[in-house]
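**Student:** Sequences are here, hints too, so could you generate the full structure?
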Amino acid sequence: MEKKKQASGIQKAWRQLSIQNQIFLSMFLITLLGVGVLMNIVYKASVDAIEQNYRASYQSTLKNSSRVLDMNLKNIVDVGRSFLNDKSFQQILENGNKYGGSKFSSGDRTKLRKVANEMASQQVWVNYIVFTDLYGHVYQLNNINQGTYDFYMYYADKDILKEDWVKAANEAKGREVFFKDSILAVGSKAGFCYAKYMINPSDGEGMGYMVVGLSQKLLGKSFVMGNEGFNSSNFMVLDEDGELIYFVGNEERKTAIMEAFSNPEKNSLYLFSSVTNYTTGWSIVNVVEKNELSEESKGIRLISFLVAGCVLVVGFIMARIISRTISQPLKQLENTIAQVGEGERHITEEFDYSEVGRIGQKFKEMVNTNLELSEHLMAVKLNEREAELLLLQSQINPHFLYNTLDSITWMIEDGRNDEAAFMISQLAKLFRISLSKGHTVINIRDELQHARSYMNIQKIRYKNAFSVTFDVDDSLYAFCIVKLVLQPILENAINYGINGTDDCGEIKISGKMENGLIILSVTDNGIGMCSEEVSRLLTDEKRVHKHGSGVGLVNVNNRIKIVFGKEYGIVVESEPDEGTTVSICIPAVLYTEENRKALEGGNLHEKENEQKKEPQRE
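Everything in the sequence shown is counted per my numbering, starting at -12 for the first residue and increasing by one.
Calculated directly from the structure, the hints in this document are not laboratory data.
For glycine and all other residues, C-beta sits at the position ideal for the given N, C-alpha and C.
A hint or two may mislead.
Dumping the calculated SDA-like pairs for lysine to any residue here, alpha-carbon to alpha-carbon at most 25 Å [as the list claims (entries may be wrong)]:
(1) Lys499 x Asp405
(2) Lys499 x Glu580
(3) Lys277 x Asn51
(4) Lys208 x Tyr233
DEER-style ranges, computed between Cβ atoms [said to hold, decoys possible]:
(5) Glu321 x Asn486: 25 to 31 Å
(6) Asn451 x Lys(-1): 33 to 39 Å
(7) Val24 x Glu406: 50 to 56 Å
**Tutor:** So this is what it looks like as structure tokens:
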């Protein structure tokens, strides 16, 4: 309930603002929202660009590190591969079935030591080398301060060929297989290693296995440091399963970094760059905190704020100018109507070409036209027929215009701009046809358009309390009719027939031609009336109108008779609770300039017989 009251209060405060201020605030708030969204997009885009640039830049550094690691490992691997061509080395491994136990003979161990020392002496990163033949005899050379006693004791009663790494080496078929730690049970220091199934190049037969243990320092020395200059930068080496092999950086954050790497969809703190090493198949990864990268975007953020400030200032100024431009015609129209209400009859105000301006211009033309007409009637004695017709046509109540403009005003204040614009356009059409360059006779097409515009306005005013349908034959559009005869009938249908009923009102405008006569009918489903009231409707000229324009059916009936003759006019049919039908009966006279002037001058009656003899338009 509190939320509803608050919204109502805001709506009330909004309605109390002038149209100019409403337009200004709307445009400024839209500008503010747009600038805010744009700033957010620009800032995020700049951060993403910085991250992408960093990742792309460091990819090159990681590739160089991978090449260095490949080169270091290649030197070691090449030495190991060179053993395969050593005839004495081949003989030792292939003659292993001569020995018992788990060791090679003393003499062969001496020869193996010579071979192993060749690799160990050339490569400082080698921790140990182990040889084993296909019969399970083993030999180990340590390149560090670590004895071999435990190693031989462990394998004295165990078959080394049953280790898991042997299966992996066999599957590799002579290719080096790298492991993240020592694959031997004892006798080696922490580090990584590779195992190799040794195949005799001369006959392609297997000879045994070689395991080379390597220091983790080799991984650290392989990293090529970039010029990124980030304090939070860390390096990692991970195997194919994502298991950590080597880490250098902030040890306190190692666990958090690994969790972020394992769950990239939940990672919002770190930026990872990685390459895959060719020799080992392992991933070399660089890690940096995103917060440190975002520091690079502070300059962009500052520029964004400055640009946003400039845009808001320009938006503020433009909103002021545009709001004044839009509201000025409304103020002009309001002042003009006020002047007319105070008695001013000659309007000199100039309007622009906007929708409101065009209404003001039409209103000005109408007032000035009425003034000219009044002055003309006062200065020149027209014949009785012309004077009566002009008098009847001038009986248009300004309350309809006032109520319509009042409705437009509250629609705009309520934010219903589309409905207000539609109502303005309909009012403009209505005034255009009402003026008709001062003509009394117009074609049926324009009269129907006048009726449509009038009903469109009334439907909005009455909140669609009734429906309107038009069923007029298109062939009737080109014939003559006295202007503004349908509006009073429609107004009576709304005020006396539809208004006050519980059911949804229905009004239908139909038109047809019968025996050279045009019949236009307005039918409603309202309360209807008794026969006595129907008989008084067109005869009692002193009847008081409680609603509407005051231009009753008597007025319409007299105007039709003045122009077309006494045998034409209005017919009313009604029953209580059954609705009312008001029909206009006029002769079928094609609308031409000649016929219009003849009708307005009362000279067409002499030609009626000739007009009836002309073929009817289909």
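**Student:** Indicate, hint by hint, whether the structure satisfies it.
**Tutor:** Checked hints:
Restraint check for lysine 499 and aspartate 405: the C-alpha separation of about 35 Å exceeds 25 Å, so the hint is violated. A distance of roughly 23 Å separates the Cα atoms of lysine 499 and glutamate 580; the hinted pair therefore holds under the 25 Å criterion. For the hint linking lysine 277 to asparagine 51, the alpha-carbon distance of about 24 Å falls within 25 Å, and the restraint holds. Straight-line distance between C-alpha atoms of lysine 208 and tyrosine 233 comes to about 12 Å, which keeps the hinted pair within the 25 Å bound.
Separated by about 29 Å at the C-beta atoms, glutamate 321 and asparagine 486 satisfy the suggested range of 25 to 31 Å. For asparagine 451 paired with lysine -1, a C-beta distance near 25 Å fails the hint of 33 to 39 Å. The supplied range of 50 to 56 Å is broken by valine 24 and glutamate 406, whose beta-carbon atoms lie about 29 Å from each other.
This entry does not satisfy hints 1, 6, 7, going by the numbered hints stated previously.
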